[in-house]
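Asks: Dock chain one against chain two, each of which comes alone in its own frame, and use the hints as you go.
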Amino acid sequence: DTAVSQTPKYLVTQMGNDKSIKCEQNLGHDTMYWYKQDSKKFLKIMFSYNNKELIINETVPNRFSPKSPDKAHLNLHINSLELGDSAVYFCASSQVRAGHEKLFFGSGTQLSVL
Amino acid sequence: AQSVTQLDSHVSVSEGTPVLLRCNYSSSYSPSLFWYVQHPNKGLQLLLKYTSAATLVKGINGFEAEFKKSETSFHLTKPSAHMSDAAEYFCVVGGYNFNKFYFGSGTKLNVKP
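Residue numbers (our numbering), protein chains in the order written: chain A, 1 to 114; chain B, 115 to 227.
Chain B extracted, bound-state conformation (with noise of 0.2 Å):
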């Protein structure tokens, strides 16, 4: 079986500093692992995904990701926040024929001026 635990509801940061999102995954095998973003009243965007080659993945607006078999672990890093990165935050797992895809409940990141 499948599931994800986002460690943290509400994340607050000051602009310019770091941000670190928590996300630890179970799986029965070798995961495929998601990091989502939701603006308000948005869509869900793909910020970058795990699927078996490099284990620190980067994607966009300069996040990243480590995946850790032995944590069990997908935190999500980003070295300097903008105010334009308060947002939701899913990390998700896919499925194992990816049929379904498994949201973790979310962090709010909230950036102060």
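Extracted from the complex, chain A is given alone in its bound form (with noise of 0.2 Å):
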């Protein structure tokens, strides 16, 4: 069983569209986070949710908004889509406590934005 699965593993549209991604794991973890990786691979954190509550918000456009409705879910919903919102989306989770702490990553969701 993949521990976290999102889904569509690619994504093409048109600008101005929105569209969904999916994140589910099955790890029992009380953390998600979305990241964002550009063409340089540079990996930047989006979001992060514990236990179902939004933790971290770092700097990311309104058009994007996380929805965690319970802990094992995370899904990101991207409104009127930008070319510069092509990248690839790499949902985690992991479970905050001492000795545990270490991420596990979706294969990601690659972004195409035409």
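Treat each hint with caution, since some may be false.
With a cut-off of at most 20 Å between alpha-carbon atoms, the simulated SDA-like pairs for lysine to any residue come out as follows [unchecked claim]: (1) A:K40 / B:K182; (2) B:K156 / A:K52; (3) B:K222 / B:H196; (4) A:K71 / A:E101; (5) B:K182 / B:Q116; (6) A:K102 / B:G173; (7) A:K41 / B:S123; (8) A:K102 / B:H124.
These are computed hints drawn from the structure, not numbers from a lab.
Replies: Structure representation (structure tokens):
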């Protein structure tokens, strides 16, 4: 079973559209994240949720709205897509407890905005 | 504040020769440090982590890293490179309450036959 799964793997869309990426983890972790990886491979955190509560929001445009219906799911909705949103988006999870902290990543969603 | 600097954006080695990927960190407290590997078009996989136990940490696939507090370094090494090691490697420091992980800019390892 995949520990952190995100769908879709590839997403090609036009500017101005609205799209969603879904993420689910079956590890029982209490914290989930969204990271954006740009074309230079730089990974930047976007959001972090702990037990369905938003705890990190890193200067991300309001067009990006995460939603966590339960602690095993963290979805990312993007409104009015722009060319600059093209990137690979990674979902991750961790157990925020000393000795158990490490990130488990999904396989990524490659978003291409045309 | 925490931050990570990976000193080389690209490293190229021949198969069978040693690998050294350099990482320096900044942390206002005792850090947790990690190395992740990303193969082309794949997600990130944990190689190893340091969390204030032994300073020499052994990871998967023959990699190891040594935590040196005096040098604020956590360099990744492997005695003998394999073609399958070609990938992007990220050094990561864990935030104070582990709600946040700070990534270095990555080092692309190329392994020549």
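Asks: Which of the stated hints cannot be reconciled with the structure, identified by number in ascending sequence?
Replies: When the structure is compared with the hints, numbers 1, 2 and 8 turn out to be violated.
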